[in-house]
Amino acid sequence: MIEQIRTALIVALVAGGVFFTFVSATGVLRLPDVYARAHTASQTDTLGAGLALAGVALAMGWQSATVITALLLVFIFVTNPTAAHAIARAAYESGVEPWDERERGGGER
Amino acid sequence: MSLVNDVLLLAAAAFVVLAIAMLYRVVKGPTMQDRVLAVNVLGTNTVVILALLAAGLDEPWFLDIALVYALLNFLMSIAISKFTVERGGII
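Which chain is which? The protein sequence lines are A and B, in order.
If you read the first sequence in the working numbering, its first letter stands for residue 1, the second for the next number, and so on.
If you read the second sequence in the working numbering, its first letter stands for residue 1, the second for the next number, and so on.
The hints are simulated quantities; they were obtained by calculation from the structure and are not laboratory data.
Idealized CB from N, CA, C, for every residue including glycine.
Watch out, some of these pointers could steer you wrong.
Sample of chain A residues at the chain B side, in silico, Cβ under 8 Å [what the hints assert, rightly or not]:
{"#": "1", "residue": "M1"}
{"#": "2", "residue": "I2"}
{"#": "3", "residue": "Q4"}
{"#": "4", "residue": "A8"}
{"#": "5", "residue": "V23"}
{"#": "6", "residue": "L31"}
{"#": "7", "residue": "A38"}
{"#": "8", "residue": "Q43"}
{"#": "9", "residue": "A65"}
{"#": "10", "residue": "V74"}
{"#": "11", "residue": "F75"}
{"#": "12", "residue": "N80"}
{"#": "13", "residue": "P81"}
{"#": "14", "residue": "A91"}
Reference listing, derived: stretches of chain B covered by chain A, where coverage requires no fewer than 3 residues with Cβ under 8 Å from a Cβ of chain A [said to hold, decoys possible]:
{"#": "15", "region": "5 to 11"}
{"#": "16", "region": "14 to 27"}
{"#": "17", "region": "34 to 43"}
{"#": "18", "region": "47 to 54"}
{"#": "19", "region": "59 to 69"}
So that you can see chain A by itself, here it is in the shape it has in the complex (with noise of 0.2 Å):
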């Protein structure tokens, strides 16, 4: 009973993972601008990223290699928002413009 209820947890937590890593990876093909790209990899991505290590973790069971699992989860979380903001704000102290509601159509995708 208790084995059925860690695979049917550990399957809701990967699928979960594969979501947002699919929303993350639509989100950076398909919206107009490098800050709303930036956005949606440090939201969509960590969320992702942190479900799916938490699926391996639990999948891992009790072992010494689910203490790095939890540690890499650790990390992603502070890791990668990080990275994203560096990204954001050097995009904007070298002069990428913000996308505009008036460049419709005209845009770049």
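Got chain A; can you put chain B on it based on the hints?
Leaving out everything else, chain B in the frame of chain A:
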């Protein structure tokens, strides 16, 4: 346990497909920052793929490679962001 391994390997395959889709933005991206952002997302996907393979194939030492790759990925993003702003600076 076999079902869990199959699910983990299938999810790794889906992550590989999504990581390859990022290469479109790396090639096309209008600015330098678009390319860095796409490579950063691709690196995060690679870390998750390595962790899923470590659990799915039952080889825990893949996680060490994933940890080192996550560190290098973060350092790459910060370094290129800083380099494109003040070219020829300290880093």
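Q) What are the numbers of the hints that this structure violates, sorted from low to high? A) Per hint list: 1, 2, 3, 4, 5, 6, 8, 10 and 13 violated.
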